[in-house]
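Peer 1: So the sequence lines, in the order shown, correspond to chains A and B. The first sequence runs -14 to 239 under the numbering used here. The second sequence runs -14 to 239 under the numbering used here.
Quick caveat, the hints were computed from the structure, so don't treat them as lab data. It is possible that part of the hints are untrue.
Just the calculated beta-carbon pair ranges, DEER-fashion [as the list claims (entries may be wrong)]: (1) B:A201 to A:R38: 38 to 48 Å; (2) A:G17 to B:A133: 45 to 55 Å; (3) A:H74 to B:T75: 19 to 29 Å; (4) B:P21 to A:A96: 19 to 29 Å; (5) B:V56 to A:K181: 34 to 44 Å; (6) B:A9 to A:G105: 37 to 47 Å; (7) B:A134 to A:A177: 21 to 31 Å.
For glycine and all other residues, C-beta sits at the position ideal for the given N, C-alpha and C.
Protein chains: 2
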Amino acid sequence: MGTTQLETVPEPKYWHLKTVLSEALDSDFSVGEILPNERELAARFGVARATLRQALEQLELEGRLQRRRGVGTTVAPPRMGVDVGTSQHTWPGTPGDSWKPADCTTALAPAAVSRMLGTGLQEPLHTVRRIRVSHGQPVAAELLYVPAASVPELPAIEAPSGPARARSVLRELQRLGLESQDRAVELGSARADDAKELDRLPGAPVLVVTTRYFAAGRTAAVSIATYRADTCRLTFGDSGDLEISHHGPTAQAS
Amino acid sequence: MGTTQLETVPEPKYWHLKTVLSEALDSDFSVGEILPNERELAARFGVARATLRQALEQLELEGRLQRRRGVGTTVAPPRMGVDVGTSQHTWPGTPGDSWKPADCTTALAPAAVSRMLGTGLQEPLHTVRRIRVSHGQPVAAELLYVPAASVPELPAIEAPSGPARARSVLRELQRLGLESQDRAVELGSARADDAKELDRLPGAPVLVVTTRYFAAGRTAAVSIATYRADTCRLTFGDSGDLEISHHGPTAQAS
Chain A
-14 MGTTQLETVP EPKYWHLKTV LSEALDSDFS VGEILPNERE LAARFGVARA
36 TLRQALEQLE LEGRLQRRRG VGTTVAPPRM GVDVGTSQHT WPGTPGDSWK
86 PADCTTALAP AAVSRMLGTG LQEPLHTVRR IRVSHGQPVA AELLYVPAAS
136 VPELPAIEAP SGPARARSVL RELQRLGLES QDRAVELGSA RADDAKELDR
186 LPGAPVLVVT TRYFAAGRTA AVSIATYRAD TCRLTFGDSG DLEISHHGPT
236 AQAS
Chain B
-14 MGTTQLETVP EPKYWHLKTV LSEALDSDFS VGEILPNERE LAARFGVARA
36 TLRQALEQLE LEGRLQRRRG VGTTVAPPRM GVDVGTSQHT WPGTPGDSWK
86 PADCTTALAP AAVSRMLGTG LQEPLHTVRR IRVSHGQPVA AELLYVPAAS
136 VPELPAIEAP SGPARARSVL RELQRLGLES QDRAVELGSA RADDAKELDR
186 LPGAPVLVVT TRYFAAGRTA AVSIATYRAD TCRLTFGDSG DLEISHHGPT
236 AQAS
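Same shape as in the complex, but just chain A:
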């Protein structure tokens, strides 16, 4: 990890520094290793602290570094490929599903969700909370919104909340014939409750996956899933049986 002639390069300094640092991470550091402190790094590369900090921020956004309070800056493991393809055409909660039901409440939905479902803003919806675990880590938290009309025979006598209630809602939903589903991915910031489940700070950048489930000619349920953006890359395979890692050989080792 020698110094390079940063002066002669036309691109922004922090950008070139980022590239140099990225190469150094590949060659001189291993996953989990703690980087030297900012002062030392700035001196080593002959750049101002502000330039260094910009480069470190970029590398954090790209998932190469993790900065944790009390630990410092460490080399991040490669992002996990987490499959979010729609090729399976199944309801949430069917066998093989990687989500764990955590809770179910009856609550008002955000305006955007009500619009997608065509329900009134004041209409409480069954709200199933689920957590997705991959390689032993929680990678995503989900709220699945189900209007009462989609689960008309939901037994009222069962537990009013909790995982048992969640499973009951999912079971009733599966009685409907699923016609199709679609999915969208966008950038968001972690809500306080999701952040806690995902071991992130509130407001951390997350990837928000919105899924609409269509049955009986209408939107029968909407899922809003929040994925950690630092550790996950969302994969969309071409077919259900195509199991491919999106990382190169080096990633396999982690």
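Given the coordinates of chain A, assemble chain B onto it according to the supplied hints.
Peer 2: Leaving out everything else, chain B in the frame of chain A:
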């Protein structure tokens, strides 16, 4: 947009403020409208400037606000749904494709791309640069990496670079039988060249879509496309003919 009793709420102040502001954006502001300055907003909601700034940052990350130098903070239009589904099984550059070839060079690929293609780190690849325009705005910039082995009959006599060369590489690629493709989405930061094309600052958060094209039993090409995270939500339809907006009725107007 009245004040609310921020003191009595258990969640972080900026978070609650964000929710209140978000509702105010829906009810009291229209798209493109400039928000009052920070001092005025902080006074109106009875919060510290730092709290306000945190809330504004969150809303920017969520695509509700845009902050531009010299303009101030404006209400962002709803994000555009941009289809990135893999259901069509076509090579890049086939008719109906929403990408415009801009250039083609021969260059070394990033290490991660070489790994995916199984090419040597020192092997120069045809690198096609394309821009995707949606609703009159550039929404994404792409680098498509094509090893020489995938386009063995590429006429050497044609232009060595530029859009003509790009079209020539795409045409040769289409001679191969496309077996399958897969796609991954992750968070990234805009490179300086992409940022310029997309009218963003270098380092701005972007959604990076990596596509691998498989033909003749191997990875024949790799595309790395950088989408604006502030204006785009990436949609993955269930089927090619399902044309659905992911926004509610209010979004249709924009």
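Peer 1: Against each hint, give a clear statement of whether it holds in the structure.
Peer 2: Here's how the hints hold up against the structure:
Distance hint for A201 of chain B and R38 of chain A: a CB-CB separation of about 46 Å, consistent with the stated range 38 to 48 Å. One distance hint, 45 to 55 Å for the beta-carbon pair G17 of chain A and A133 of chain B, is violated here, with the actual separation near 38 Å. With their beta carbons about 22 Å apart, H74 of chain A and T75 of chain B fall inside the hinted range of 19 to 29 Å. Distance hint check: the CB atoms of P21 of chain B and A96 of chain A are about 23 Å apart, consistent with the given range 19 to 29 Å.
The hint said 34 to 44 Å for the Cβ distance between V56 of chain B and K181 of chain A, and at roughly 36 Å that hint holds. In this structure, A9 of chain B and G105 of chain A break the distance hint of 37 to 47 Å, their C-beta atoms being roughly 22 Å apart. For A134 of chain B and A177 of chain A, the hinted distance range of 21 to 31 Å is not satisfied, since their beta carbons lie about 51 Å from each other.
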